[in-house]
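If you're matching them up, the sequences are chains A and B in order. Residues in the first sequence are numbered from 31 upward in steps of one, following the working numbering. Residues in the second sequence are numbered from 31 upward in steps of one, following the working numbering.
Heads up, some of the hints might be wrong.
A pair holds if it fits inside one copy or across any two, identical chains being indistinguishable in the list.
Once the Cα atoms are required to be at most 27 Å apart in a straight line, the calculated BS3-like pairs of lysine-lysine come out as [unchecked claim]: (1) Lys-32 to Lys-151; (2) Lys-437 to Lys-414; (3) Lys-414 to Lys-151.
In short, the hints are calculated from the structure, not lab data.
There are 2 protein chains.
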Amino acid sequence: MKQVKIGIIGFGTVGAGVADCLLKNGALIAARTGIEPVLAGIADLDVTTDRGVKLPPGLLTADVGRILDNPEIDIVVELVGGTTVAKDFILRAFRAGKTVVTANKALLAKCGAEVFAAAEKSGADLGYEASVGGGIPIIKALREGLAGDRIRSLVGILNGTCNYILTRMENESASFDDILQAAQAAGYAEANPALDIDGFDTAHKAAILASLAFGEWFRPEQMAVEGIRGLALQDIQYAAALGYRIKLLAVIKEAEGKVQLRVHPALIPTRSLLGHVSGVFNAIFVRGEPVGDTLYYGRGAGRDATASAVVADIIDAGLNLAHGCRGRLPAFRPHTGCAGVLPASECRSRYYLRLQVSDRPGVLALIAGVFGDSNISIASVTQKEADSAVVPLVILTHEAREADMQKALADLRGRPEVAEKPILLRIEDLP
Amino acid sequence: MKQVKIGIIGFGTVGAGVADCLLKNGALIAARTGIEPVLAGIADLDVTTDRGVKLPPGLLTADVGRILDNPEIDIVVELVGGTTVAKDFILRAFRAGKTVVTANKALLAKCGAEVFAAAEKSGADLGYEASVGGGIPIIKALREGLAGDRIRSLVGILNGTCNYILTRMENESASFDDILQAAQAAGYAEANPALDIDGFDTAHKAAILASLAFGEWFRPEQMAVEGIRGLALQDIQYAAALGYRIKLLAVIKEAEGKVQLRVHPALIPTRSLLGHVSGVFNAIFVRGEPVGDTLYYGRGAGRDATASAVVADIIDAGLNLAHGCRGRLPAFRPHTGCAGVLPASECRSRYYLRLQVSDRPGVLALIAGVFGDSNISIASVTQKEADSAVVPLVILTHEAREADMQKALADLRGRPEVAEKPILLRIEDLP
Numbered sequence: 031m032k033q034v035k036i037g038i039i040g041f042g043t044v045g046a047g048v049a050d051c052l053l054k055n056g057a058l059i060a061a062r063t064g065i066e067p068v069l070a071g072i073a074d075l076d077v078t079t080d081r082g083v084k085l086p087p088g089l090l091t092a093d094v095g096r097i098l099d100n101p102e103i104d105i106v107v108e109l110v111g112g113t114t115v116a117k118d119f120i121l122r123a124f125r126a127g128k129t130v131v132t133a134n135k136a137l138l139a140k141c142g143a144e145v146f147a148a149a150e151k152s153g154a155d156l157g158y159e160a161s162v163g164g165g166i167p168i169i170k171a172l173r174e175g176l177a178g179d180r181i182r183s184l185v186g187i188l189n190g191t192c193n194y195i196l197t198r199m200e201n202e203s204a205s206f207d208d209i210l211q212a213a214q215a216a217g218y219a220e221a222n223p224a225l226d227i228d229g230f231d232t233a234h235k236a237a238i239l240a241s242l243a244f245g246e247w248f249r250p251e252q253m254a255v256e257g258i259r260g261l262a263l264q265d266i267q268y269a270a271a272l273g274y275r276i277k278l279l280a281v282i283k284e285a286e287g288k289v290q291l292r293v294h295p296a297l298i299p300t301r302s303l304l305g306h307v308s309g310v311f312n313a314i315f316v317r318g319e320p321v322g323d324t325l326y327y328g329r330g331a332g333r334d335a336t337a338s339a340v341v342a343d344i345i346d347a348g349l350n351l352a353h354g355c356r357g358r359l360p361a362f363r364p365h366t367g368c369a370g371v372l373p374a375s376e377c378r379s380r381y382y383l384r385l386q387v388s389d390r391p392g393v394l395a396l397i398a399g400v401f402g403d404s405n406i407s408i409a410s411v412t413q414k415e416a417d418s419a420v421v422p423l424v425i426l427t428h429e430a431r432e433a434d435m436q437k438a439l440a441d442l443r444g445r446p447e448v449a450e451k452p453i454l455l456r457i458e459d460l461p
Numbered sequence: 031m032k033q034v035k036i037g038i039i040g041f042g043t044v045g046a047g048v049a050d051c052l053l054k055n056g057a058l059i060a061a062r063t064g065i066e067p068v069l070a071g072i073a074d075l076d077v078t079t080d081r082g083v084k085l086p087p088g089l090l091t092a093d094v095g096r097i098l099d100n101p102e103i104d105i106v107v108e109l110v111g112g113t114t115v116a117k118d119f120i121l122r123a124f125r126a127g128k129t130v131v132t133a134n135k136a137l138l139a140k141c142g143a144e145v146f147a148a149a150e151k152s153g154a155d156l157g158y159e160a161s162v163g164g165g166i167p168i169i170k171a172l173r174e175g176l177a178g179d180r181i182r183s184l185v186g187i188l189n190g191t192c193n194y195i196l197t198r199m200e201n202e203s204a205s206f207d208d209i210l211q212a213a214q215a216a217g218y219a220e221a222n223p224a225l226d227i228d229g230f231d232t233a234h235k236a237a238i239l240a241s242l243a244f245g246e247w248f249r250p251e252q253m254a255v256e257g258i259r260g261l262a263l264q265d266i267q268y269a270a271a272l273g274y275r276i277k278l279l280a281v282i283k284e285a286e287g288k289v290q291l292r293v294h295p296a297l298i299p300t301r302s303l304l305g306h307v308s309g310v311f312n313a314i315f316v317r318g319e320p321v322g323d324t325l326y327y328g329r330g331a332g333r334d335a336t337a338s339a340v341v342a343d344i345i346d347a348g349l350n351l352a353h354g355c356r357g358r359l360p361a362f363r364p365h366t367g368c369a370g371v372l373p374a375s376e377c378r379s380r381y382y383l384r385l386q387v388s389d390r391p392g393v394l395a396l397i398a399g400v401f402g403d404s405n406i407s408i409a410s411v412t413q414k415e416a417d418s419a420v421v422p423l424v425i426l427t428h429e430a431r432e433a434d435m436q437k438a439l440a441d442l443r444g445r446p447e448v449a450e451k452p453i454l455l456r457i458e459d460l461p
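Just chain A, with the same shape it has in the complex (with noise of 0.2 Å):
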């Protein structure tokens, strides 16, 4: 039984629970695996807090030197997260020969270039399974499981607190701004939301999807990114009575030989399997050929879903250390898998339209002139009935260019007919 000694930086959450794994699963993977993983140290600035893991003595060190300069330690988890410290300790662990396991997908999504060059470098081998999709082993199934196929789209759920948010605003008929008040004194979402609910830490992971699906590191600046901050009830309502739910997605997509990147709220077919991911959960679905279609769930963040993703990852590395084939399969490969990402302005998808127009003969005759007027379809109307001069009138449109969709925008909002500020929503078929 080959013994492979763990050190982890960061005891916070993830990082107990990765231990708290360890300890209570370690005799069954080793009885599964062959290797025996040994929690070697654990290195955090803040040595007193009670984690709720009972370590044995000796273990827990404000010193992460104690890690990164113990020559017994094998693997190094890195949980510390941010872009700045994090970097520097993964790049040293690699510069002593270790391999590395870790959670950061803002560390892989702005350096991944430089990170994987160092991996390689070194001969070591990096494992990230818990940074996009928390437990769901959607890093492995893209690496592997689907290794012989070309992948032609994936569309994921990949934000645990805007989906929480989106659930509960449409269960309870409620407001964004109330849900995001009543979700961070649950602790489901931040102080400072930013991250999750602009979509920005949606786009870290869907840059590593993409990245891993296409073959060529892409950065989540070449990406189109909205959130949901301010989303309105009234549109998860009217989606719903058209048969749709609202849910942030990142779209990946291969289109004319290029990607389509995007990060956005989207309306989603009620009856979609994606449409029936709730809560905090995360899904991701991968079209691929040959395999079709397939769907991963699972719990997209927390202590124990991101610890069984990361140790996961441990016994991987362990296993390749354990029959000397580190770098078996390198942390990434750049591989031909199109040409570049598909300027915004050229993707293309359905659209939501809703605008507070005057209730009057001939404004719906001009509004449809104008989609005309720019190549857009419209595949339905609905105007609801209001008490006011002005009433809110909902369209949805067959696929169409961005482009073509903006130029539409910028002509209705010159129009005195058009109330205010329409607002625009992308629709995306799933089955």
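Please build the complex by placing chain B on the supplied structure of chain A, with the hints as guidance.
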């Protein structure tokens, strides 16, 4: 770039799919993984039927020896099926030191111990991702993605033919016999459909999943198996009215230190994720610790989805060959998960029961009394209106022991007030 030479035995539907995938995506696979899969030979008794794949000349042979005795071939892909010659081919391949990839669930379920022992003795790898869930990488998820998790339960829709029949019965309000005939005509059901509709195919797959999850090689004979043959449309409709959908499930659950192993049709909540798995698709719900609830969805059978799984196994095995780490993760490794199978009579679940009873005073009290005497608590009762002296009575129970339910049924069967054999189905409450 390490070349990996592949020989396929069996050039039927799946064999053609695998060849097609290797030919079409070979360059992509090489770029992604650093190994170049080379199709070196295909053996089939039938070398004349056009399989729709343009093979390089000289590849197809009727002589299986040109695969098994060819020292150049690294990986033998067994796609013959069945438990006779297929086993001989696999054992011969192992004796020749070759890696084996197979989609043969019947063989693994029946002779898994023997096949795994041969793999271990030879030191070669054995891949069997395609044996369960078609293109869904569920074997990889259990062996690797959740390698650090203690599995608590698996519930799966594992047979596409049954799910197709049940979906069409519900959508078209049609009888089992009518849809079975239509499915046979459309090629979705075999001329002899027993393996599928009587639950044995699901049992084979369930045995493999249970073994991986709980670390002991279970045999299908240890499982209580009921299929969907003759399922009444009436019960699908009554279930729908109560908020349930009927699916053929494999239920694998830890209970009282043992494992429940059951295959049967069951009511699951219409709003659950598994409830939305329609047509020929499969899905597996896995609950583990620490990961929590996860789900994996995709096409459960067919040329292309199965080919995706076979090719993923080829790549995995090829990486082990290229990096000199054959046996990195043995095909099956016994581990202490539980203390054997819980006897069917001790299994617990909720129940759906339909009785045809006399429409007169006192009957409901009598039946309620029978249940009470057997320690079964009733959750709901619906008496359907009917134009006859005999009316359907639909009862949902709280969780009860199978032995208690069978005792109550035996009691009811003897009563003159109960007109026909009661219909008994289980209920699985899934998220």
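Evaluation of the provided hints:
Taking identical chains as interchangeable, the C-alpha atoms of Lys-32 and Lys-151 lie at most 27 Å apart whether they share a chain (25 Å) or sit on different chains (20 Å). For the identical chains of this complex, Lys-437 and Lys-414 are intra-copy neighbours only, at 25 Å inside a copy versus 59 Å across copies, given an alpha-carbon limit of 27 Å. Taking the closest pair of Cα atoms, Lys-414 and Lys-151 never come within 27 Å of each other, the shortest separation being 62 Å inside a single copy and 72 Å across copies.
Checked against the numbered hints above, the structure breaks only hint 3 and satisfies the rest.
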